[in-house]
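K.L.:
Single-letter residue listing:
There are 2 protein chains.
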Amino acid sequence: MLGNFVYYNPTKLYFGDEAQKNLTAALAPFGPKVLLTYGGGSIKTNGVYDDVIKALQEAGKEVVELPGVMPNPTLAKLEEGCALAKAQNVDFILAVGGGSTIDYAKGVAASAWYDGDAWQNFWIEKNEPAADQRVLPVGAVLTMAGTGSEMNGGSVITNTEQKLKIGKVFGSRLMPKFAILNPKYTFSLPVTQMVAGIYDIMSHIMEQYFSGDDDSTSNYVAEGLMRSLIVSSRAAVKNPQDYEARSNIMWTATWALNTFIGKGKTQDWMVHMIGQAIGAYTNATHGLTLSGVSPAYYRFIMKFGQARFARFAQVVWDIPAEGKDEETLAKAGIDALEAWIKEIGAVANISVLGVTEDMLEGITAATVLGGGYKLMTKADVLTVLKNAL
Amino acid sequence: MLGNFVYYNPTKLYFGDEAQKNLTAALAPFGPKVLLTYGGGSIKTNGVYDDVIKALQEAGKEVVELPGVMPNPTLAKLEEGCALAKAQNVDFILAVGGGSTIDYAKGVAASAWYDGDAWQNFWIEKNEPAADQRVLPVGAVLTMAGTGSEMNGGSVITNTEQKLKIGKVFGSRLMPKFAILNPKYTFSLPVTQMVAGIYDIMSHIMEQYFSGDDDSTSNYVAEGLMRSLIVSSRAAVKNPQDYEARSNIMWTATWALNTFIGKGKTQDWMVHMIGQAIGAYTNATHGLTLSGVSPAYYRFIMKFGQARFARFAQVVWDIPAEGKDEETLAKAGIDALEAWIKEIGAVANISVLGVTEDMLEGITAATVLGGGYKLMTKADVLTVLKNAL
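In order, the protein sequences belong to chains U and B.
So the first sequence is numbered by our numbering: it starts at 546 and just counts up by one.
So the second sequence is numbered by our numbering: it starts at 546 and just counts up by one.
If we strip away everything but chain U, and leave its shape as in the complex, we get (with noise of 0.2 Å):
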C-alpha cells in the first residue's frame, strides 16, 4: 500500500432477502418529503414499488415522484429533477432502481440547489459543492446489480447534445446514506442486462486492478473478487434464481467500485473512458460497451505491464505457469478473459453494437485519455476502436 490516502465509505448496507424491512427505519432520521425517483416502471410489475412506499408510508413520508430516468441519464432529465427538488423543496432523494437512476438522484442531489451551470461546474471542472451549499442526502433501492453506484459517490451524466458522458466522483456528502440491497430484486432483470452489470463489476476490478507493479494488498482483494464472480456468473447464467450467485454478484458490485480496492494503488480507467464515449454515440448498454471494448484494449496494453497479465491468468483463471513463457501466459489470460465474455453472453467487439467506421474518429475524439501501463494517445484509442470492431 504505497502512497497516502483517505478511506471514508459511512454508507450503511442493509443486504439480503428481507433487506427491505429496514427501510422504514433507515428513513426516520430524514425529513419528511422524499422525491422517489425510478426509471421505466419494471419496480411497478416486480413487487419493488409496492415495497417501497408501504415503507415511505409507514416512515410517514410524504412522496413525490420523480419517474422516467433513462439508461443513460441525460442532462435535460437532471434539469428537470433539479427543477422539481426545488420547487417542491424535499428533504430527501430516494432512488429506485440500477446505477443509472442513483447516479442521477446524486447528480440531482448536488446540483439542484446549485446556482449556475451544473453541468459544467461538476461534471466538466469536476468541483465539489461547496461547503456552504445545500446537497440533499440520497438513499438508494438497488434492482440492478453493477455500477456500484449504491456505496460510492459516483454520478454519469450524459451531455446528448454534446454527446458527452462524463462520471464525475463526489466526495462522502454525496455517498448514499444507506442503501437496500435485496439480490431478489434483481431476479426479474432481463437476463442480458443482469450480464452487462455482471461486465461492468469485473470491468471496474480489472481497470484497477491493471495497473503498477507494486505489491498491494488491494490487488489480491481484487483477484478474490474476481475470482468470486467468475464463479457466480456461470452459475447465475444458467440459472438466474440462483440466489447464493446472484447475492455473491451484487456484494461483489459494491465492493469492486466503492473505493476500497482501489486503494494504495495506480488505477487505468482507460476502457470506462472509451466506453462511456462509445455511449453517447450508440446509447448502448454501459456494460457491453465495456466487454465489447476490453479484449482489444488489453491486448494493445499487454506488454507494458506483462507481469501482471502473467498473474492474472494464474490467480485468476487458473491457468497453469508450467512450460509457458510470462508473454504467453499474459496471453493465455486475456484468451480466457474473452472466452468468458463469449460464454456468458456478453459482447467482445463492438460493431454488434452499432458502432460503425464513421464513428470511430468521433469516437476518440470524445475519448478522455488517460492509461496505466501505456499512456494513451488519440492514435493508440483509434487503433484500439479498429480492433475492437
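Certain hints may be false.
Claimed, not checked - In the DSBU-like style, the derived pairs of lysine-lysine whose C-alpha atoms are separated by at most 30 Å in a straight line are:
hint, chain 1, residue 1, chain 2, residue 2
1, U, K722, B, K869
2, U, K729, U, K887
3, U, K808, B, K566
4, U, K557, B, K808
5, U, K578, U, K589
6, U, K923, U, K848
7, B, K589, B, K631
8, U, K783, B, K808
9, U, K722, B, K671
10, U, K631, U, K599
11, U, K557, U, K578
12, B, K887, U, K566
13, U, K876, U, K887
14, U, K722, U, K783
15, B, K729, U, K808
16, B, K783, B, K887
17, U, K708, U, K923
18, B, K808, U, K729
19, B, K887, B, K848
20, U, K557, B, K566
21, B, K671, U, K566
22, B, K783, B, K848
23, U, K722, B, K722
24, B, K722, U, K808
25, B, K808, U, K566
26, B, K783, U, K808
27, U, K671, B, K557
28, U, K869, B, K869
29, U, K557, B, K722
30, U, K578, U, K729
31, U, K729, U, K599
32, U, K557, B, K557
33, U, K808, B, K599
34, B, K722, B, K578
Bear in mind the hints are in silico, worked out from the structure with no lab data behind them.
Fit chain B to the given chain U structure using the hints.
P.N.:
Okay, now just chain B, sitting in the frame of chain U:
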C-alpha cells in the same frame, strides 16, 4: 452471501507515511478536553508521542494523560480510566498504541458514564450502552498492526481475579471515529511483536474462513487477504523496515477484522476462545497463543470441513491438487500453515508459552465453547490443548 446482515463502518482511515498530518483536522470536530491514553511509553522514544502532542496542541486541545495500558488491559486499569475520564469530564479519548490500547479506550468510552457494574453489563452480559447513556468518542493512532481494533467495535478486557479474558464487540457508536495508520509507526516494534501481530491477522481471517460450505464472496476476499499477508510477512521478517510489506500488513490487519470478510457467513472463533483462556493463565502475547493452538485445533476439526481445508491448500498455499485426494490436500494445507508459523518465528505449540499440563483443566474451564465445522465440547478443547502442548 446467504443470510441477512447490515454492514456499517463509518471509521475514517488516514493511511500512509504522512497520515499523522491529518490528526489535527481529524480532532477538530470534537470537544476541547482529550484523554490521551497509551501503553508503556515506547511512543516517547520513537517520535510518535511528539507527533501526537504537536497535533493536539495545533488543534487547541487540553490534554489529560492516561499512560500505562498493559498488553492485556485489566479490569482494574479500566476502572482507573473510567474514574479519570469522569472526574475530568473529557470530551474525547485518543488511543495511541496497538490493539490493547484501542480496546481499552473503547472500554473506558463505554463504561465511564455507565452507572453500574460495567464488567458484568458489557463483557459478561454483552449489553450495548443504552441509547440515552453517554458514550465518549474515540480516535486511534495505531503503532502495531494486528488486532484490527482501529476499525471495529471490539474491546477485550481481562479480569485478573477471575482469570477471565473476554471480548465484547460494540456497535458503530464505539467504533473509532478516525484512525491514523502510518506503517512507519510500527517500524520500532520488536520483531517478535510484529510476528505476533501477523499471526493475529492470519487467525482473524482463518476464523471467519473455516466455517460453512456455501459459496460466499467473503471466502474469496479472505483468500486474497491471506495470500497478501503471507507474501508480506516473509518480506517483513527478512527486512522489518520494508515499507511496502509493513504497509500491506497494516492494511490487511484492518480489513481482516472490520466485519467485512465475515459478512453473510458463519464463523468459528474457537482459536481465539482457547487463546484468550491461555492468555488469562499465562499473560502470553495474544498472537502467539493463537499460533500455538492453531495447528492442533485445525487438525482436530479438519475432517468435519475437509473440502474447505483442501481449498485452503490450493488457493492460499498454491499446493497443486493433482495426484492428491481431498484428505491429503487438506492435511498439506495445515502442514503449510504450521511451516509458515515456524518460518516467520511464531510458535506452533503452547508449552513454549509457559503452559503446563496442570493448567489444562483450568484453561479448558475458562474457554467459552462454540465452533464451526464441529461444535466443541470441553473434552474436545482438552484434547486440542493436549495435542498443542
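K.L.:
Indicate, hint by hint, whether the structure satisfies it.
P.N.:
Evaluation of the provided hints:
1. U:K722 with B:K869: 50 Å, violated
2. U:K729 with U:K887: It holds: about 25 Å lies between the C-alpha atoms, which stays within 30 Å.
3. U:K808 with B:K566: 18 Å, holds
4. U:K557 with B:K808: 13 Å, holds
5. U:K578 with U:K589: 21 Å, holds
6. U:K923 with U:K848: At roughly 19 Å apart (the allowed maximum being 30 Å), K848 of chain U and K923 of chain U satisfy the hint.
7. B:K589 with B:K631: 26 Å, holds
8. U:K783 with B:K808: 25 Å, holds
9. U:K722 with B:K671: Given that 30 Å is the threshold and the Cα spacing comes to 28 Å, the pair holds.
10. U:K631 with U:K599: 25 Å, holds
11. U:K557 with U:K578: 21 Å, holds
12. B:K887 with U:K566: 49 Å, violated
13. U:K876 with U:K887: 17 Å, holds
14. U:K722 with U:K783: 35 Å, violated
15. B:K729 with U:K808: Roughly 18 Å between the alpha carbons, so the hint for K729 of chain B and K808 of chain U holds.
16. B:K783 with B:K887: 14 Å, holds
17. U:K708 with U:K923: 17 Å, holds
18. B:K808 with U:K729: Holds, because 18 Å separates the two Cα atoms, which is no more than 30 Å.
19. B:K887 with B:K848: OK: K887 of chain B and K848 of chain B at ~24 Å, within 30 Å.
20. U:K557 with B:K566: Within the cut-off at roughly 28 Å; holds.
21. B:K671 with U:K566: 25 Å, holds
22. B:K783 with B:K848: Violated. K783 of chain B to K848 of chain B sits at ~35 Å, over the 30 Å cutoff.
23. U:K722 with B:K722: 17 Å, holds
24. B:K722 with U:K808: Holds, at roughly 20 Å.
25. B:K808 with U:K566: 18 Å, holds
26. B:K783 with U:K808: 25 Å, holds
27. U:K671 with B:K557: Roughly 23 Å between the alpha carbons, so the hint for K671 of chain U and K557 of chain B holds.
28. U:K869 with B:K869: 24 Å, holds
29. U:K557 with B:K722: Holds - the C-alpha atoms of K722 of chain B and K557 of chain U are around 15 Å apart, at most 30 Å.
30. U:K578 with U:K729: 28 Å, holds
31. U:K729 with U:K599: Satisfied, since the Cα-Cα distance of roughly 18 Å is no more than 30 Å.
32. U:K557 with B:K557: 14 Å, holds
33. U:K808 with B:K599: Holds, at about 28 Å.
34. B:K722 with B:K578: Holds. K722 of chain B to K578 of chain B sits at ~16 Å (cutoff 30 Å).
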